[in-house]
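> Here's the letter readout for the chains.
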Amino acid sequence: MGYEWQFAIILEYWPIFARGAITTLQITLLSSVIGLFIGLLVGVSRESSGVFVRSVTSIYVEMIRATPALVQIVWLYYCFPIIFGYQLSAMTSIIIALGIHSGAYVSEIVRAGINAVDTGQFLAAKSIGMNHFTALRRIILPQAGQKMIPPLINEFANLMKLTTLGSMIAVYELLQESNNLIATTYRPLEVYTFLAIFFFFITYPWIWLSQRLERRLKMRA
Amino acid sequence: MLRITNLGKSYGSARVLSGIDLDVQPHDVVAIIGPSGSGKSTLLKCINFLERYDEGEVRFGDELVGYVEASGQRRLATERQTNRLRAEMGMVFQNFNLFPHMTTLQNVIEGPIQVKGVARDEAVRHAEQLLAKVGLADKRDVRPTKLSGGQQQRAAIARALAMRPRLMLFDEPTSALDPELVGEVLTTMRELAAEGMTMVIVTHEMSFARDVASRVVFMEGGRIVEEGPPGKIFTNPDNARTRAFLARVLH
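Chains as they are written, first to last, in the working numbering: chain P, 1 to 221; chain Y, 1 to 251.
Please note that the accuracy of each hint is not assured.
Said to hold, decoys possible - List time: in silico SDA-like cross-link candidates among lysine to any residue, alpha-carbon distance up to 20 Å:
| hint | chain 1 | residue 1 | chain 2 | residue 2 |
| --- | --- | --- | --- | --- |
| 1 | Y | Lys146 | P | Leu136 |
| 2 | Y | Lys116 | P | Leu136 |
| 3 | P | Lys147 | Y | Thr145 |
| 4 | P | Lys147 | Y | Met102 |
| 5 | Y | Lys116 | P | Arg138 |
| 6 | P | Lys218 | Y | His101 |
| 7 | Y | Lys146 | Y | Glu88 |
| 8 | P | Lys147 | Y | Lys116 |
Claimed, not checked - One-sided and incomplete, this derived list gives chain Y residues near chain P with beta-carbon spacing under 7 Å:
| hint | residue |
| --- | --- |
| 9 | Leu50 |
| 10 | Glu51 |
| 11 | Arg52 |
| 12 | Asn83 |
| 13 | Ala87 |
| 14 | Met91 |
| 15 | Asn97 |
| 16 | Phe99 |
| 17 | His101 |
| 18 | Thr103 |
| 19 | Gly111 |
| 20 | Met163 |
| 21 | His204 |
| 22 | Met206 |
Hints listed in this document are in silico derivations from the structure and should not be mistaken for laboratory results. Cβ atoms here follow ideal geometry from the backbone N, Cα and C, with glycine treated the same way.
My request is simple: use the sequences and hints to build the entire structure.
Have a look at this one:
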């Protein structure tokens, strides 16, 4: 192939990548926080005794898991304002949409973590008169937490990759910045190749960490 | 102190308890014996409502456990009401169920601090006394996984006692232990009985039941077949099934 790679172009435009990377990181962090918050709440609720709470949270989890993240994002950005009369900015839309999206997956991680704790622990907590919430907070979640950490880190890495969906609603994250750069430089090969490598380097460490922690937990068990 | 009247429980169509009547007076030590699957453990768990009974009643002091009665109807008590009663009954489980993420001391002070709102200093002081009493003073800062089965069960007894219960429930406390570790747990329980603690014990330790219990209850098929003082039950039971069971386990 006679193509002449010119990666120098990346060096020249590095501030654009840096800007995109910062936005990508912002989306990842903020939507992770939202996802963690929703996921913890929903995960715990799905294990509670209230039938109403349990069905509402189940519907949420199944709806989110059975629809594509991209559809959720464009729905929040385009449909939500028409129905509810309130326009969210593109950045806010993707953060909230990804937060809600990951909340469903985090809730399943939380639920699996709670279920993995020996039922005798709940009995022991109840036998000393603890209420359900205190038992969860003091006895069950600290034990479940350890088991939840590896899949949570993995979920964080997933979110990092999902941020590229922001380009569909013109959020200036890494992919959108790359597209714009290509429009001025006409160098898609270099830009997209660099983008792929860049994503690998920011995502893989988390996947690696997650696997390592999981192996360590297994060995201790 | 504890009065069980016509208690019944089913899982779907399977009846596990029926027509249970049992009266426990202060300082009584009641041993419940019987073949596995006879409903002994379920009965014990109905007393502090870890298992929900559906017929009859359990009264602790004057209070109905697990339900409230209003104008002839009864409905489930609130979690708070049930927890208040549970806090006054200590329970010791077959598998210890110590909290593995906490040290022995933390296990013992958890209930008093979180449930009763006892000040930390006071809870620690009481816990140290209890750990000394069960012979684990030197294990206060050790995690349960580092303890032997016998030590774990003694720690679990200390955890239950820390709530200053009026009644102690033991659910086959020595069944998960290696034979050489059974003695130390029974010794602790014997001391507790000698101090006048009211106890209901589900057990397979016949010699312990004979020596320590003030009353022995023999259960089979979800019913109480016979009850009486150990001297009578172990030497001259009225019921043929009691006799058959004892013949099996004592020889």
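> With reference to the structure, classify each hint as holding or not holding.
Hint check results:
no.	hint	result
1	Y:Lys146 / P:Leu136	violated (24 Å)
2	Y:Lys116 / P:Leu136	holds (17 Å)
3	P:Lys147 / Y:Thr145	holds (18 Å)
4	P:Lys147 / Y:Met102	holds (17 Å)
5	Y:Lys116 / P:Arg138	holds (15 Å)
6	P:Lys218 / Y:His101	holds (17 Å)
7	Y:Lys146 / Y:Glu88	violated (29 Å)
8	P:Lys147 / Y:Lys116	violated (30 Å)
9	Leu50	holds (6 Å)
10	Glu51	violated (10 Å)
11	Arg52	violated (12 Å)
12	Asn83	holds (4 Å)
13	Ala87	holds (3 Å)
14	Met91	holds (4 Å)
15	Asn97	holds (4 Å)
16	Phe99	holds (6 Å)
17	His101	holds (5 Å)
18	Thr103	violated (13 Å)
19	Gly111	holds (4 Å)
20	Met163	holds (6 Å)
21	His204	violated (19 Å)
22	Met206	violated (26 Å)
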